[in-house]
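Novice: Okay, here's what each chain looks like letter by letter:
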Amino acid sequence: MIRGFFILLAFQLVGEVAARGLALPAPGPVIGLALLVVALSLYQRWRPLDEEALAESDLGKAARGLLAALPLLFVPAGVGVVQYMGLLREQGLALAVALVVSTIATLLATVGVFLLVKRLTGAKGEA
Amino acid sequence: MTPFRLWVYLQTTPLFWLTATLAAFLVADALAKAAGRRPIVNHVLIAIALLGGLLELTGTDYQTYFNGAQFVHFLLGPATVALGVPIYANFALVRRNVWPLAAALLIGATVAIASAVLVAKAFGAPRAILIALAPKSITAGVAMAVTEALGGAPPLTAVLVIATGILGAVIVTPLMDALGVTDYAARGFAVGLASHGIGTARAFAVDPVAGVFAGLAMGLNAIVTPAVIPALLPWLIG
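So the protein sequences, as listed, match chains A and B. In terms of the numbering used here, the first sequence opens at residue 158 and continues consecutively. In terms of the numbering used here, the second sequence opens at residue -13 and continues consecutively.
Treat the hints as calculated values from the structure; they're not laboratory data. Be aware that one or more of the hints could be misleading.
[As the list claims (entries may be wrong)] Partial list, computed: chain A residues near chain B (C-beta under 10 Å): (1) Gly217; (2) Ala234; (3) Ala251.
[What the hints assert, rightly or not] What the simulated footprint calls covered on chain A by chain B, stretch by stretch (three residues with Cβ under 8 Å from a Cβ of chain B suffice, anywhere in the stretch; the number is not a length): (4) 159 to 166; (5) 177 to 188.
[Claimed, not checked] Derived list of chain A stretches under chain B, where covered just means 3 residues or more per stretch with a C-beta under 8 Å from a C-beta of chain B: (6) 194 to 207; (7) 223 to 231; (8) 236 to 243.
All C-beta atoms, glycine included, are put in the ideal place defined by N, C-alpha and C.
All chains, please: the whole structure from these sequences, using the hints.
Specialist: Have a look at this one:
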């Protein structure tokens, strides 16, 4: 568990250093996330790592624990909205319309492109 | 110690607001559970409302609250990195569907950002709102980091992200049924991309294949949207 947490923090640290040092546009934790996926793929080449072994590893356990608590972790930042209530009220209509239109447009675009390209490339099978 | 002195003491330690944050979350979660976990009754939103009300009631400023709550907030960073584990675990699915996934991901992510920003801009929304709105389709921790990197207001993003999650979760099933889309991989991928974790939870409730593809879309979009926004936003906002 401690080793798993260390791996996550170490990747975040490398991500933050890379994001700031190289002035990358993406946030540090996202760089850390991408690096972790790459590292796991490389690791898998010299030592087979199936889904079960990964889930039972220190890293898998630490990740599962943190991700189970993920909704709680948004709360402190979300409470910061008390500082913006005026702006939210003022822009309420613009935001409501933007969110509804954008959510429907995103669902339609994504499902449409997915089905179209699947048909074009003849990809078969779902899982 | 008088009650007033006691209150002053509690305000100076992180303990009180940290405990309050967990308590509010547990109450909100119990309410959501009692409501059968319908997407419209969102536990994160209820917890935020409870704590916001408590701050108002006690006349506490946000900085004082955050001094305690920052210990929970800090874990968002490692938790974001931890998303790499389920993404990696589903890589076999990506390899088998690489072209539909890649195309839907790039176009879906672009539509999610551009449509929201352009509609709000047409209503005359200020720059701060447009920045906060741009990453609204990705998971809250990453979305807030994107907004912060652009000099926007992360709390606004957090609320917009949750609202988007709820909207997508409520809209997806009637919309896809009306369109006659029966491919649950495609349906799941769309709702995960548009509405992150809340959409993914909804997808799992409808169909297991939809759930897996929704989780995949959420993870991949958490990587693609932060990479696309810095290039797209100056062009959209002008």
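Novice: Evaluate each hint against the coordinates.
Specialist: A quick look at each hint next to the structure:
Of the supplied interface hints, the one on glycine 217 of chain A holds, with its beta-carbon coming within about 6 Å of a beta-carbon of chain B, less than 10 Å. With its C-beta approaching chain B no nearer than about 5 Å, alanine 234 of chain A sits inside the 10 Å limit, and its interface hint holds. Interface restraint check: alanine 251 of chain A against chain B, minimum CB-CB distance 3 Å, threshold 10 Å, status holds. With 3 residues having a beta carbon nearer than 8 Å to a beta carbon of chain B, the region 159 to 166 of chain A meets the requirement of three or more and the stated coverage holds.
A stretch counts as covered by a chain when three or more of its residues have a beta carbon under 8 Å from one of that chain; for the region 177 to 188 of chain A and chain B the count is 6, and the coverage holds. Counting residues of the region 194 to 207 of chain A whose beta-carbon sits less than 8 Å from any beta-carbon of chain B gives 3, enough to reach three: the coverage restraint holds. Figure legend: the region 223 to 231 of chain A, annotated as covered by chain B; annotation consistent (8 residues with Cβ-Cβ distances under 8 Å, at least 3 required). Restraint check on the region 236 to 243 of chain A versus chain B: 6 residues with Cβ-Cβ distances below 8 Å, three needed, restraint holds.
Checked against the numbered hints above, the structure breaks none of them.
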